[in-house]
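Enquirer: From just these sequences and the hints, can you work out the full model?
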Amino acid sequence: MTKITPELVKEHGLSDSEYAKILGLMGREPSFVELGIFSVMWSEHCSYKSTRFHLKKLPTKAPWVIQGPGENAGVIDIGDGDACIFKMESHNHPSFIEPYQGAATGVGGIMRDVFTMGARPIAMMNALRFGEPSHPKTRHLVNGVVHGIGGYGNCMGVPTVGGEVNFHRSYNGNILVNAMCVGLARQDKIFLSAAKGAGNPVVYVGSKTGRDGIHGATMASAEFDDASEEKRPTVQVGDPFTEKLLLEACLELMATDAIIAIQDMGAAGLTSSSAEMGDKGGSGIELDLDKVPQREANMTAYEMMLSESQERMLAVLKPGREAEAEAIFRKWELDFAVIGITTDTSRLVVKHQGKTVADMPITALSDEAPVYERPFAERKPKAGDVAYDTSKPVLASLKTILASPDMASRRWVWEQYDHTVMADTVQVPGGDAAVVRVHGTKKGLAITTDVTPRYCRPDPFEGGKQAVAEAYRNITAVGALPLAVTDNLNYGNPQKPEIMWEIVAGIEGIGAACRALDFPVIGGNCSLYNETNGEGILPTPAIGGVGLMADVSKMATVAFKRSDDVVIVIGKTSGGSGGGHLGQSIYLREIESREEGGAPPVDLGLEKKHGDFVRGLIEQGRVDTVHDVSDGGLLVALAEMAMPRGIGASVGLAGLPDAIPFWFGEDQGRYVIAAPFAEAETIMAEARAATIAVAELGRTGGDALSLDDKSSVKIAALKDGFENWFPAFMSGEEIPVTN
Amino acid sequence: MKSAVIVFPAANCDRDAQTALTQMTGKAPHMVWHQDSELPDVDLVVLPGGFSYGDYLRCGAMANQSNIMGAIKTHADKGGAVLGICNGFQVLTEAGLLPGALMRNAGLKFLCKPVALTVEETQSSFTRKYDKGQEIHIPIAHGEGNYYADENTLDRLEGEGRVVFRYRDNPNGSARDIAGILNEKRNVLGLMPHPERVVDDALGGIDGRGIFQSLIEALS
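Residue numbers (this note's numbering), protein chains in the order written: chain A, 276 to 1014; chain B, 31 to 250.
It is possible that some hints are incorrect.
[As the list claims (entries may be wrong)] With a straight-line cut-off of 25 Å between C-alpha atoms, the simulated BS3-like cross-links for lysine-lysine are: (1) K836(A) x K57(B); (2) K674(A) x K836(A); (3) K718(A) x K57(B).
Think of the hints as simulated: they come from the structure by calculation, not from any bench.
Expert: This is the structure:
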């Protein structure tokens, strides 16, 4: 018997008060296995102990929400008996230590969350944040993460249709890898994890259990230091081939009615899957570890319960259906074993080599897990105008911005992802939102991931709002109705009051925006302790949004498509002293090397009004060219519309007092559309009648972007810089400037 | 035209091939499990793209050991049409039904993008509906599509009109820009690009239809 010493308790990441609570719940000293189980189940990663209180403030309901937070993934109704199931999850810490496997298993894990509910995954997205490009590790990490995501997703045959890649020095020691999976199921074939009823067989399927990933959840709940790379053995190794077999086998079994409950073994493996299934079903679970398929000899009960070996599932079957299920898994050459039974004791009982090694009330692991209302220290959000140099030439700045690390084309990244497999990707990466068709129908799902971390540091509340608003806008810009989001909240150490405030304000901002925009949160994940040597990341609450369009043939894209279209901006450019909001803008950072000012405020009422207006135009088939205005402002949006097909535009606004804030300000709630002349007049009249700010900027045509008929730049020249930065950076041709 | 699509574990473009064949022929293809040893009565066998056996060991090597391969070889020997797309092409080279091998892309990266191809040969059941020299756009999605064969084999392929598709801007380092080849009897075609992904206008092109239309005309 391993003796439970204070040192051992501390090594398990449990505080003195938490251990005291364990002693009370157990009525005795826990065994070593029990201590390990408590340590993972009570870890931040599994218990959400710092955020649970605040997450309750998020709106999670709408008539179209079938399943909100609390299951493996959220579910929405997309009509015709179809359901869309999706979730986003982080794999930050493992990806920093071992980028290929960390990212790959992040992809695998989130796919399992979705297909364990009965859905076939149909699209993947990811939100990636790396350190500054000049940091010696950045290139290696970008390369490993992109290869890992591609390596896993491509082999699974699920298209990776887009995402985000940003660089900032705050991520130098702690990159973020957030992966989102979107799946499709029939509404009457959704599987949940509640292991209801006693006497039902608990079956283990998938890969064998090894010693990999032990204590991964605990690692993900601690800060990093320079010795963190010694934790490499806690990173799991992915096997997408087995996952693909597991996917097909699970869907085949799900076509029968043999399953009572099913759950993937993700963080904390066998422990969390069995505890959560028992907890949700109100039953007990008894496991016999001798029956667990094992990859290595002489594994202890502790190792088996805490292993995070990948590509495994736990299911509870109806009694007598074992043989039928086993035949399916054998056909797919996967392990299958009955390893336990449900009971009516509400206890988790674990046996190994004839001995009971754990016997604990399941509620001690779930309901009784600690919840903290951690103290937070509010900072006054930054506000006010920022000064800028009025002498800088606008088009030269545009060129610089388009070739900057955060703004350059991500083609180098997404060409390594198979984004057209499954033959339903109707909008490929590079636009506002990706669109995948619902197989065999005209319906399309629009998918995006968004957050602007540089807004979240000076103003976490507005930053949280803005992340949701931008997802809403990106989905709207392709012509879809935004339906629901998943959130992936990446923050620093919640035990620091200034960080805790970022978390609280961020959640409140997200909540406010989701409420105002009818865009509920149906699931998500928190990743805290994203710090290295005490240095926290920018607050990064990534939002994954999904929307629905009835007919993909009406979908809009960003590309200018014809000459002589009228270019119109919808929404007001009036931040700062009236000419455009430059605070925390890409312009200020890239051109003046300053990260100053406040975040642009989001007017949620206008967001909705403008969104409904633009979406209406697309749905009516009147507009096919739309782009939301975000990073970099209006002129960057115009360039992004011109570059895809090399069709330029002549733009300008009479009587513009301040060109720089107008063209580069990042005021929210704006869209650029391009419409044929006859249509444009009507559209502007309708907008004015609805008191929506609208302005005609000019006409499309030519091979250059011309400003006020005074200066111009060739689209080809803009495109050169835009397309070349990433490949040049990755090939090591240049060490780009620090942002 | 009656067709079959082989279902190898993780050859994940099987459904795409099924969808395209159903759309183009109006008839769903037979989906044939890799452990079967017989083929149904069909005119065309498709080896789909993907990652059969995870591409472990070597792309296509394990699939070549599966039960169904014997029946596919017999079908080919008897003059039946076989189409290998991407991973299917790799399997066909492993099986010796097509010469050469597919190595890691010259850029060492997986690449997914539309590429421009020249249709070099229209004297085949796979390409008769295209024009000789026609430029078509079909996506690639592979990490190991760098076609290699020795100079004699390449000369022979060229001399016998068996180089069917050539890249206009070689994405992967393939010898002589080769994207697709025929066997000697011209009834087996392997190509790296994915024609089944461009038979539907909503997906940005229909240049892949020609292969299916050619087969329907030749085999029906």
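Enquirer: Let me make sure I understand: some of the numbered hints might not hold for this structure. Which ones are they, in numerical order?
Expert: 1
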